[in-house]
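S.K.: Got chain G sorted already, so can you dock chain C onto it with the hints?
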Amino acid sequence: MDSQFLPLKLGDIIDTTFRLIGRTIVRNLIIAVVFMGIPVILVTLASRSFYSQIGSEIDIMSKLSSALLLWAGWILFSIASLLAEISICVVIGGELISRTLTVREAIQELFYDKWLYGIGQALLKGLVLAGGAIAFGIVIAIMGVVAAAGSFGAKAVAGLFIVVAFMVFFSFMIFFLIRWAFSLTAVAVEPLGPVAALKKSWNLVKGNWWRTFGILVLLYILTGFAVGIVSTPITFGGMWHVYKNFFSILGSTGGKLSPGQLAQFQRSFGPEIGISIGVSSILSMLITPVFMVVMYFDLRARHNEFPSEETAAGTEPSPATPA
Amino acid sequence: MTTAAVLGFIIVGTIYAYGLGIFGFIAVAVHGIGGSGTASTGQTFVDLLSEKAILTKAPIRLSIMVSEFIFMLVPTLWLIRRWHTRSVAAYIRLHKTGIKEILLAVSASVLFFPVNAFLSDLLLKGLDFPDFLTRINSEIFTSYNSGEFFWVILVVCVTPAICEETFFRGYVQRTFERTLGAKSIIITGILFGLYHMRPINLVSLVILGMIIGFFFYRSKSILPGAAAHFTNNFIAVLTLYRYSDGRPRVPYMSGQFPAYLVIIGIIGTAAVIVLYYRTTRQNFGQNTARQSETAPEAT
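Heads up: the protein sequence lines correspond to chains G and C, in order.
This note's numbering applies: residue 716 is where the first sequence begins, and numbers increase by one.
This note's numbering applies: residue 96 is where the second sequence begins, and numbers increase by one.
So here's chain G without its partners, still in its complex pose (with noise of 0.2 Å):
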């Protein structure tokens, strides 16, 4: 049974967020770690093989088969991150109903059930905006067949609804992100199946979506600033050489780079584009799932889905301000 969680304020909800990565920050890292370790190794190989040859003389058979180990290591580093992510909601959402999960726990409880659902909540979550995408994309087409047939005034009424259709289609497609954002916490939090999970974030968010959309926007805002002042450091340094390589073409040429020149430098890059993309990934890991678990469980207060009690036994607690 849940314990009593009350509804937050903005300074509660970053400063709930903040001490349960300060609590669970080694649980975490050994979670993403072990989940996306590997993949990112692997996309670091696939990388150093796919970028050396650019420009080469090397037979297609081989650029392709770089090409194809390249996309399957960014779909496995992909399933990777959403099971990192999951197992990390679980130890999240355990920390706010005072359970204390081992990382062993967790990754048990993901692969009990979690991960086959929340693999399902995102094909089935990519399938509808992808279909929309779709559908969006053929009817402009067609427009734009039609209004090429048409006369000048055609063309630009057309051109006019093109425009206005693409901002609308953004529009819906950032309405329903938000909608279904905490599909996959509801997933690794409570035992919902895709379905459900997807039923329950739009549900959750209903009557909450401005709040919600401003909230995340600025949590991601700050995550990104957090992760960016470490992870430039270590990217630099992971990417020393190509950095180098670059600065005495440079620096040979007077600023001027000819096209073998920049297929040479291309050439360079690799590996260090998947160690880069793997730090920032990680750290990434550590904060995001904190935050989104954090909302989940603001969203169902606010949705009187916690027994209303006088005192708040078990729960984190909610200073207007840090100490």
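The set of hints was computed from the structure by calculation and includes no laboratory data.
Any given hint could turn out to be false.
Stated by the list, open to error - Calculated pairs, DSSO-like style, for lysine-lysine (alpha carbon to alpha carbon, straight line, at most 27 Å): (1) Lys959/G / Lys147/C; (2) Lys278/C / Lys191/C; (3) Lys959/G / Lys220/C; (4) Lys278/C / Lys152/C; (5) Lys724/G / Lys914/G; (6) Lys147/C / Lys195/C.
M.R.: Using the frame of chain G, we list chain C on its own:
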């Protein structure tokens, strides 16, 4: 306290980073960067970059100065009032201190500068960083007449001495200190280095941040650190003070520092730190006693 310090650092850092970006963009757009954006006949890519660097330095300097006050200083002072105490001046330790401590802090800054420059040069050489890019990169800190020189001092020396010191030492280190004590010097020094987002200067900035933090911690006053920060930046601006034809006005400071000067710098800085420690050991007990009497702080 640790949460408040980290949270405060991230919140103010984010406000400043985005505020500077937006304000800088608007300033450059309003000012106009001139030219067609493409090279004219005979003009190389380097010439184009140099031209744009010169054209945009005025609005960028203005945006840096305004942004530090509006997006760094103001939020920091607001956070202190909101989260800690109404006695902001007492919290950031804005009070008089011995002239000896300020002079020692300034000396340490002067002595450390060659070491700072050596570390940066080492990394630049390791990267094969071209000289023309270094010149373009430092154009914003370069002045060619006395009026511009004083303007650059205001932007690059005075403003960070007030705003960054209030934020990093006055708030972040002060808040960390309440639970971590002397370890706050190391953590704040690292955050100071990371915040500047200049990987090439990361090591020297972290060390400089720790030295300034040490002065703040030992003196229980923000003034020596602010003086040291001002001095470090002033020397940097002085080395970039040039005649209109590009010749340095202070020639012996504008090239690479010789090895003996770097060694003297290391030894001298260490000696000053030891001397500072001894000087403030006598004051330390008196200062903490005075602080606890006069600075009621919210919990």
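S.K.: If a hint holds in the structure, say so; if it doesn't, say that too.
M.R.: Structure-based check of each hint:
1. Lys959/G / Lys147/C: Holds, at roughly 24 Å.
2. Lys278/C / Lys191/C: Measuring from Cα to Cα gives roughly 24 Å; hence the hint holds.
3. Lys959/G / Lys220/C: At roughly 9 Å apart (the allowed maximum being 27 Å), Lys220/C and Lys959/G satisfy the hint.
4. Lys278/C / Lys152/C: 38 Å, violated
5. Lys724/G / Lys914/G: At roughly 25 Å apart (the allowed maximum being 27 Å), Lys914/G and Lys724/G satisfy the hint.
6. Lys147/C / Lys195/C: 45 Å, violated
The structure shown violates the earlier hints numbered 4, 6.
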